Amino acid sequence: MTEASNTPRERPVSPHLVTGGLGSPLLWRWHITMWTSILHRATGVALYVGALIAAAWAISLAEGPDAYAGFKGLLGSVPGKVVMFGLTVCIFYHLANGIRHLVWDTGHGLDVKSANASAVVVFAFAAAASLAIWGIAGMTGAL
Amino acid sequence: MVSYRTPLGRARGLGSAKHGASHWVAERVSSIALVPLVIWAVYGVLRLAAGDYGFAVHWVQDPLNATLLVLTLAISFWHMQSGMRVVVEDYIHKALTKSALLLLNLFVCGLAGALAIFSILKVALGGA
Numbered sequence: 001m002t003e004a005s006n007t008p009r010e011r012p013v014s015p016h017l018v019t020g021g022l023g024s025p026l027l028w029r030w031h032i033t034m035w036t037s038i039l040h041r042a043t044g045v046a047l048y049v050g051a052l053i054a055a056a057w058a059i060s061l062a063e064g065p066d067a068y069a070g071f072k073g074l075l076g077s078v079p080g081k082v083v084m085f086g087l088t089v090c091i092f093y094h095l096a097n098g099i100r101h102l103v104w105d106t107g108h109g110l111d112v113k114s115a116n117a118s119a120v121v122v123f124a125f126a127a128a129a130s131l132a133i134w135g136i137a138g139m140t141g142a143l
Numbered sequence: 144m145v146s147y148r149t150p151l152g153r154a155r156g157l158g159s160a161k162h163g164a165s166h167w168v169a170e171r172v173s174s175i176a177l178v179p180l181v182i183w184a185v186y187g188v189l190r191l192a193a194g195d196y197g198f199a200v201h202w203v204q205d206p207l208n209a210t211l212l213v214l215t216l217a218i219s220f221w222h223m224q225s226g227m228r229v230v231v232e233d234y235i236h237k238a239l240t241k242s243a244l245l246l247l248n249l250f251v252c253g254l255a256g257a258l259a260i261f262s263i264l265k266v267a268l269g270g271a
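These protein sequence lines are chains H and X, in that order. For the first sequence, the positions run 1 to 143 when the numbering used here is used. For the second sequence, the positions run 144 to 271 when the numbering used here is used.
The reader is advised that the hints may include incorrect statements.
Chain X stretches covered by chain H per the calculated footprint, using a threshold of three residues with CB under 8 Å from any CB of chain H [as the list claims (entries may be wrong)]:
#1 172-181
#2 234-244
#3 253-262
Think of the hints as simulated: they come from the structure by calculation, not from any bench. Just so it is clear, the structure is predicted and the values come from calculations on it, not from any experiment. Glycine included, each C-beta is placed from N, C-alpha and C at the ideal position.
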């Protein structure tokens, strides 16, 4: 503290994420509630694509057996499975964090300690539920 | 009821048009509806992934499945349209680009949602 007293203190800055354009150092230390907020939006955008895949499923079913087999072949391929696993994680994350937001809307759980704890719960749920569903898929012959 | 608006605010005609909260509320209502629907849909995908075309047609023709599918699709497409709308409104500030993306978002969701729901109804009502 004695050395610092000789140099002028840095001026306070108003809250913003980055010090200058993209790629510049972060002004804020990453914390878990930032991640949950950013990921809620990111998974929402990913699920947008997921819903379009669901629409393609319905359309292929209405088209007939050949289109449906083609669609299933595409989703059953390795890249298809990677996409489906990613969407599984996105669904369970967005679901759990969405419920977290609904609880917040009632005015509960907004203090830092509760928000940090619920963030951990959301991540744990997304991971556990995704693995469980893929485990069940493996056992029921869905893979 | 007491009005807290200033005379200038009233004269400008800006501010609440009496339904300012409707988008916010509708987003919450759709998300509450989607909690059980999405859990059911994940179960449905598990069943469908293990079955073939014949099973899928049979599954969709069940009235409960057809109804829940249509509800899940309709509410999901509405929910994602309103979510993407907020993303565009947050990040895109050029008026023309913003309007174009908002229209594109609405039309993509409307078209994909309508196609998906029509397809489900076609299968459910025995057209497939």
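Now for the hints, and whether the structure bears them out:
no., hint, verdict
1, 172-181, "holds (count 5)"
2, 234-244, "violated (count 0)"
3, 253-262, "holds (count 7)"
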